[in-house]
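Student: Residue-level listing of the chains:
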Amino acid sequence: MGAEFLFQGATIERLLGGLLVTMRISLFSVAFSIPLGIVMGVLFTRKNRVLHVILSFYLNFIRVMPQLVLLFLVFFGSATSIGINFSGEVASVIAFTLWGTAELGDLVRAAIEATPRQQYWSAYVLGLSRRQTFRHVILPQALRSMIPPCVNLITRIVKTTSLCMLIGVVEVVRVGQQIIDFNRFEYPYAALWTYAVLGLLYFAVCWPLSRLARWLEANNSLRRRHRERH
Amino acid sequence: MNATENHAANANERPVLELRNITKRFGSNTVLDGVDIAVNTGEVVVLLGPSGCGKSTLLRCVVGLEDLDGGEVLLDGEVISGAARSQEARTRMGMVFQSYDLFPNLSVLDNITLAPTLVRGTPKAEAEQRAVKLLERVGLADKANDLPSTLSGGQQQRVAICRALAMDPEILLLDEVTAALDPEMVHEVLQVVLELADDGLTMLIVTHEMSFARAIADRVILLDSGNIAEEGDASFFEQPKTERARQFLSTFEFHRAGR
Chain A
1 MGAEFLFQGA TIERLLGGLL VTMRISLFSV AFSIPLGIVM GVLFTRKNRV
51 LHVILSFYLN FIRVMPQLVL LFLVFFGSAT SIGINFSGEV ASVIAFTLWG
101 TAELGDLVRA AIEATPRQQY WSAYVLGLSR RQTFRHVILP QALRSMIPPC
151 VNLITRIVKT TSLCMLIGVV EVVRVGQQII DFNRFEYPYA ALWTYAVLGL
201 LYFAVCWPLS RLARWLEANN SLRRRHRERH
Chain B
1001 MNATENHAAN ANERPVLELR NITKRFGSNT VLDGVDIAVN TGEVVVLLGP
1051 SGCGKSTLLR CVVGLEDLDG GEVLLDGEVI SGAARSQEAR TRMGMVFQSY
1101 DLFPNLSVLD NITLAPTLVR GTPKAEAEQR AVKLLERVGL ADKANDLPST
1151 LSGGQQQRVA ICRALAMDPE ILLLDEVTAA LDPEMVHEVL QVVLELADDG
1201 LTMLIVTHEM SFARAIADRV ILLDSGNIAE EGDASFFEQP KTERARQFLS
1251 TFEFHRAGR
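Going down the list, the sequences are from chains A and B. Under our numbering, the first residue of the first sequence is numbered 1, with each subsequent residue one higher. Under our numbering, the first residue of the second sequence is numbered 1001, with each subsequent residue one higher.
It is possible that part of the hints are untrue.
[As the list claims (entries may be wrong)] Just a sample of chain B residues kept apart from chain A, beta carbon distances all over 12 Å, derived: (1) T1023; (2) E1088; (3) P1104; (4) L1135; (5) L1194.
[Unchecked claim] Just some of the chain B residues that point at chain A, by a computed CB distance under 8 Å: (6) N1021; (7) Q1087; (8) R1090; (9) G1094; (10) F1097; (11) D1101.
No wet-lab data here; the hints were simulated from the structure. Using N, Cα and C, we set each Cβ at its ideal position, and we do this for glycine too.
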């Protein structure tokens, strides 16, 4: 079949090592993006003109920018403009956090704004303060409705980290290319097989995520039965 | 529940709730045009009127969900309208909405205990005990740990009533609480409200259920295009004094020609 190279030497280990880098970048980016995105989304819903203009500008700036350009901007831009040399991985985490925060912030904003006004009314007549209303009524509902789009965003981040190889990060796709280059003459189908394995590896990471999202959605009701302590 | 008895006990005939010259406009449209209403302790006042006459807006003005364009709201003789309403002032009036609006992220029990624990600082255990008693009273004690979404509309509305009662309001405002319910659920909710009236709870009720209004009202007020068209006791239904009231009441009757 011409795929024997996959099982020779340390090929599999190397691919898994690359996958680890991919996951590390994704994990840190997501871990930073979630709290920052929630803060951004909450600030977005404040009726503050200045804040709104700044955040809209940020969101649109990030949105129109290809992730690759953003990555270059952080990696090369930081070195030339502020004289800091980030490693490829750190630059990647920064770029993906900038992106993730913007997208997540917009998701949080949309989810908060989608909460029916009646929920605010009910909380108001019960005497809850604005902060209590937000913390105990609005935010939990908003976050719950955000699970599916949020997981979608995370899988997009995972997949897009393949761009990091362009600033020298040896993540899973880059490892794959090295393996292909090394085996190309002996195994003419090396590229095909390697990319197939890469596809499987991405699937192995992203598929459980979407299963998890579905489970979270379905089990939210059960989870809530173990009552939160206020 | 004991609170309602306490309120009834101090029946010094000063109105619990007094509305003076309430005026509300939406743009150039005057929805409430100087409405005066006083509700005494233990009294059940029913607000009737055609759709768009300003009944719901009036309740929203009373609890502070709408700003007034004129007039005052007094609770126990104290003006509470005007400035932003304090949390404390808000808790003294309860309101139940047409669409129940329970908090979907919280269990039935947590819906009821949320405000007492957060706003009053009632210990959780005490608030829960109290909530269970309220639920028993409306026949839903077994649903305490369920989520609102698993309950029928009628059950949700009964929980919403418990949620409002948990704050021991001096007056309870009901805004068409059965309008969103299937006919067979209307009765179970109104039965609960009737029992509250029997216990002496002061209420201001907006409803389209005429037989319920007749059964529960100490006093009836017919609102029409932002003004009080007629005010009276239960005899309103048999012998309305104004043509407007007769007209309104006739919209609930059906006659087939030739019979």
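Student: Tell me the numbers of any earlier hints that the structure contravenes, in ascending order.
Tutor: Per hint list: 2, 3 and 6 violated.
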